[in-house]
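Protein chains: 4
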Amino acid sequence: MKKNIYQAKGHLIDSGLFSKIVNTILDEGLDYSVEEMVIGKQPDEQSVVRFSITSNDEDSLDSILKKISPLGVYTLNNENAKFEKADKDKHAPQHFYSTTNHRTEVFVNNKWIEVKDQRMDAVIVKENETTLRCVKLRDIKKDDLILVEGESVRVYPPQIEANTGGFAFMSNDVSSERRGEIAVSKIATEINEIKKRNGKIVVVAGPVVIHTGGADYLASLIRNGYVDGFLGGNAIAVHDLESRFLNTSLGVDINTGKVTEHGHNHHMKAINIIYGQGSIKNAIDNDVLRDGVMYEIIKNNIPYCLAGSIRDDGPLPETVNDMIEAQTQYAQIIKGADMILMLSTMLHSIGTGNMTPSSTKTICVDINPAVVTKLSDRGTGQAIGVVSDVGLFLKTLSEKLNCE
Amino acid sequence: MKKNIYQAKGHLIDSGLFSKIVNTILDEGLDYSVEEMVIGKQPDEQSVVRFSITSNDEDSLDSILKKISPLGVYTLNNENAKFEKADKDKHAPQHFYSTTNHRTEVFVNNKWIEVKDQRMDAVIVKENETTLRCVKLRDIKKDDLILVEGESVRVYPPQIEANTGGFAFMSNDVSSERRGEIAVSKIATEINEIKKRNGKIVVVAGPVVIHTGGADYLASLIRNGYVDGFLGGNAIAVHDLESRFLNTSLGVDINTGKVTEHGHNHHMKAINIIYGQGSIKNAIDNDVLRDGVMYEIIKNNIPYCLAGSIRDDGPLPETVNDMIEAQTQYAQIIKGADMILMLSTMLHSIGTGNMTPSSTKTICVDINPAVVTKLSDRGTGQAIGVVSDVGLFLKTLSEKLNCE
Amino acid sequence: MKKNIYQAKGHLIDSGLFSKIVNTILDEGLDYSVEEMVIGKQPDEQSVVRFSITSNDEDSLDSILKKISPLGVYTLNNENAKFEKADKDKHAPQHFYSTTNHRTEVFVNNKWIEVKDQRMDAVIVKENETTLRCVKLRDIKKDDLILVEGESVRVYPPQIEANTGGFAFMSNDVSSERRGEIAVSKIATEINEIKKRNGKIVVVAGPVVIHTGGADYLASLIRNGYVDGFLGGNAIAVHDLESRFLNTSLGVDINTGKVTEHGHNHHMKAINIIYGQGSIKNAIDNDVLRDGVMYEIIKNNIPYCLAGSIRDDGPLPETVNDMIEAQTQYAQIIKGADMILMLSTMLHSIGTGNMTPSSTKTICVDINPAVVTKLSDRGTGQAIGVVSDVGLFLKTLSEKLNCE
Amino acid sequence: MKKNIYQAKGHLIDSGLFSKIVNTILDEGLDYSVEEMVIGKQPDEQSVVRFSITSNDEDSLDSILKKISPLGVYTLNNENAKFEKADKDKHAPQHFYSTTNHRTEVFVNNKWIEVKDQRMDAVIVKENETTLRCVKLRDIKKDDLILVEGESVRVYPPQIEANTGGFAFMSNDVSSERRGEIAVSKIATEINEIKKRNGKIVVVAGPVVIHTGGADYLASLIRNGYVDGFLGGNAIAVHDLESRFLNTSLGVDINTGKVTEHGHNHHMKAINIIYGQGSIKNAIDNDVLRDGVMYEIIKNNIPYCLAGSIRDDGPLPETVNDMIEAQTQYAQIIKGADMILMLSTMLHSIGTGNMTPSSTKTICVDINPAVVTKLSDRGTGQAIGVVSDVGLFLKTLSEKLNCE
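Protein chains in written order, with our numbering: chain L, -16 to 387; chain D, -16 to 387; chain C, -16 to 387; chain F, -16 to 387.
I should point out that these hints are in silico values taken from the structure, not numbers from a laboratory. Glycine residues also receive a C-beta, built at the ideal position from the N, C-alpha and C atoms. No false leads were slipped in.
Taking lysine to aspartate or glutamate and the EDC-like style, the derived pairs with C-alpha atoms no more than 16 Å apart in a straight line are: (1) C:Lys109 - C:Asp127; (2) F:Lys24 - D:Asp14; (3) D:Lys73 - C:Glu301.
To list a few chain D residues with every Cβ distance to chain F over 10 Å, as calculated: (4) Asn(-13); (5) Lys183; (6) Asn230; (7) Gln315; (8) Gly319; (9) Leu384.
With the rest of the complex left out, here is chain L (with noise of 0.2 Å):
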């Protein structure tokens, strides 16, 4: 029979992490006994828990750590992290440990250090004593120094830390019977608020935003200010210049809703008038592209970034054909985002939300609620779903924001 000591500290009780530790501790079969416990008597102070968990089973009381540490909790034992070589580059040591998206801390040489870059799914590289670095699995090169499993860790998931606040409202409120606009005005406001302290907003949007008519309504938003950074694909570019050049999307006219029988051919030829220009930065600098979404994007120098896919036509100059790349040009793009806004985009949305820390605010409209669903699945599990017509979301939102 063995037991071990751990600790969580913080938001324990009315995050319902705690509740989440013990049922995590019963369904691998483990006892648990709580050894002191200490409650945060008021609202905003925290609590402390020490608890022991014993077992015959050695092996699933090895194996508890790593499930219980994504929930906050640690060992008292203050052993300092072991780190292992790699012995070949994109190979981690067997044993390595695979982050989360919540801010992490690692025991070394006696101290807590806080990691930099902060992802899912990542690997924690020592690059100097005091320097630790999330880094990808591809990343890693020969002889780098990588985290393995072990009791030196410490996570913070953003329960912990604080309460959800205003939105909280949303959370997990993935149904469509809620009310549209009241969720409009929120986002409204926590954007202004954003902007008011020069805060990020990132949007990462799918083709469906220019189908539904959300275009104007989108370009507006980055004409006023309010999008710092966009993230999309080779889709959502397309049916906007279409939208421009011939005035439909997808062959569907963009006033009159009316369905061209292979209209679906209005697409190839914005792209060839792209490809005749070079690019979509030439045809604006020709005054060949006047407005709209990648026209405001351009013409504001907001940073952006066209994901490739197996999918796409053309596709479009400024995509980006490589995954590896545009992995990396996403995720210099959303760093340090206040704000994530989602729109209509399943794909994209998950690409995101794997290289976002849970700290960044993320919303997720789609008329699809099952898309909020598979987010969070996917670990974005901070992401608050709206179940709407993007385009008039779009809409209402531009609206609510004053934009011009």
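Got chain L sorted already, so can you dock chains D, C and F onto it with the hints?
What follows is chains D, C and F alone, placed relative to chain L:
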């Protein structure tokens, strides 16, 4: 080898009906041969096709007419229809003719007579030599003369009579990627045209209208004279009243979107207030209820029916709990409707569709594309789908119609 | 500044209930202070927490108990509950207490008395000094003693009493990406355990069961003794009969999947056959109906109720058209059920959930994940979702239970 | 007033094509007049229709052919096609002809020549006097002779050439209420027929196949010779490997369905194992990977392509990260396919559909009916939808095909 001759007349080609006819014949393993075909050379000209079907399998040949008759096919035999007496109440002869929702004529006394009260899934009763009427199975009286299957029926699917016109753009269009704003504009135009000619518009609505913030907008449509009949269930009335008395809908605050843990009991408080008043009508007369959907309906003397269901709370005094009675009232209210606007309620929409002739313009607004598909599967093939957030849809419609 | 003291006792921490309690308090803008907390040190020990809430806003303070009482919170005042007389039939006093679906005790004559016939959205009537009962608003009689809101109620949400156990894996799990086969196996195991202890299983089913080919499998479950009560509507019976008499379901051939153009009238033929026989029961007695879901239900004397609805055809003689009566029969049939299996019918599932205590294991199988969310939104929070094709689900379940 | 003469030939009536043709004309505000019509009198006879279109609006008249050409309409002018030289790489002449996915002939040197490598959204390059080929915009070389829009193209939509046959039952049938077992049987029969004549079957699959427990069944289909090409992304391979090395899929235990809190990192462990081996292939050769989908694909030398995407982890060494290259490999693998089976992946299905000629039988299995609609909206109109749990679908298919 037996051979029968059939004919169809009308917009056979542009409507695609002739295509459906020959495919139905081939699917049954039968052969056809076109005997004569006169094609409408201009768009407004009708076509006539005469064709024969031959088969060794007499059973298939006997039953094929049942399958192609709803597509507008009839024989040229000019035999008078056969009627059989009902042997008892509520029981049709074994081979009774079951109606479609399309305009229907029957050959009686060497003349084609149009059937009254057309609806689907009824029998046709000969009231006298010149009057035929659709009657539900359950309303059959002993000795009623019931039309039996045979060769003396002519059905006019709506496509055979005219093109579907300006709404065609949305036919079978249940994709959530289409632009909601355009759909609203077209519907507003159509509503204006109907009201200009003193036409009749019936609204069928579910409680999601209230939850999504559409109540004030729907109330404004009623107040401004755009609604001539209202069909719903107990729930939309309960939640409308809850929002008036307690400012919540299903316990969700109408203005802030905040969910009250077990604010669910608010709807019970609302019901109790009405129980105390005796009825919604009394609550209005006593100045207890002063606005909202139910207020406008009753204040403006709009004919309405709230049909009960197994999931009702209360139910409200105005709710009709006997389903036979509720169906009777529904049927009365839709009589002569030019447009039926179905708002986020599959149950009541299918119920209404069951008793509506196919010539009535039917629009179905729901955030879930599957609802329109299901409505169409259940026989209401004329329904045009708009996939949208119903709250934002009503807001936009109310604005386009300049409602105050 | 006013201050009240509250207590909760049970599985507060592992269940997450205490987290919900403090968040509810904070959402109301109130402050709390933990006075004393005894944490269950081992998994099977209960916790006790005593805390105070203070506020300048007496209204909020007065209403907070209503919001946290469903989470298991009560006062220590030991005041006897107050009851007020109903001033007339069907009308509760203004501040009547509206029930949850959780086990409830009321403090009467200095003792906690458990309420009988627990269900949500009822009032509590004091029948005599030792008997309290849930009664629907509409069943209130003049002079009934109705419990009013106050501090003398104690509610036991299921989480407070025990862990959710082996089914936890599926809780709130409505993702369609999880493995259906595993869910079926767990349900089969659970069903076997319930039947071993002579427990009661009720099935609620919609017509999709027939359309998707599940009829024979559901019939086999009934024949093999796994179903102790059956709830549905007119439609599942009609399509079951249609499939037996005419080999189609909604006009779709059961064996070939071929759609018969207007084979839709087949269900009317089925209804007419039953109308001719007088009832489904007669059709069985007369050897006209020889197998299927309705056959097995009636042959095996399974208590059942077919509730009418506004969209019914017929309806069948066995269908209960008065909704008050149908709700009464439903409530009778689910009494004492250990498991309710809800198969692809939102309407009847919500109807059933409304009258089911939260302690009843409830499983909801539907191809649409939104159905489970909606059921839970409507108060049936204990429902576990399985997203699956219900036909294939029943086939697999029937196999796992070795049904013949 | 200008007037043009057009003709169409083939299964115009039963296919509904002529209906679409005249509706397209009317939607454009043009008039038509049927000059001559010879109707196929028997089912296997083709029809011929010659008609004129007149208009004052020459622009509409000029553009109408573009809209009706994809429906099989052509002129009788017998003018030779015009080709223009590309002025630079990757740039077509302004009025280039953009292809459909239907078989296409071009009139060159007074002869109709069939275009090679048919796919949608391509240009047609004249390689020499007798060879025309579909080329993507990006593959155009300076001085390539590119077909421009005009009157010398003849398109053969699949309906014009033959009836859709035994699968018609499922066409446009994306309702989740239809019987899954029947669909599986029909597909199994079709697969057997294709394999009997040594036909080619390509599978496109997403990671949901693994999550829903379909991996062993898909592996058995490959092992038993039913799969001749495999298209997917990085994710299906990662989760297949995760399930083989760690017995979980996305952290969910394959056998028990239990979710491991942050078991999500399991997929990173799987990637690291492959990184250590250098490739999936090496892992098989070194006996590290011994079964599963990727094992069977590589062991049986099935041509495959894993296309990268912005949301990939790793990616695996075998994943193709450059989208241009991935599209090239995809196109190579589907060449000559008789059937493409698309399993729960919208991204790769649309990508595949984009390059597939419309004559290829395409089946799309997904639990979400919207996926098939979207695939069809994107031009893959021939796709037949099966709404089902893909895990249970593959289990049943594997059984019907007697896979070991």
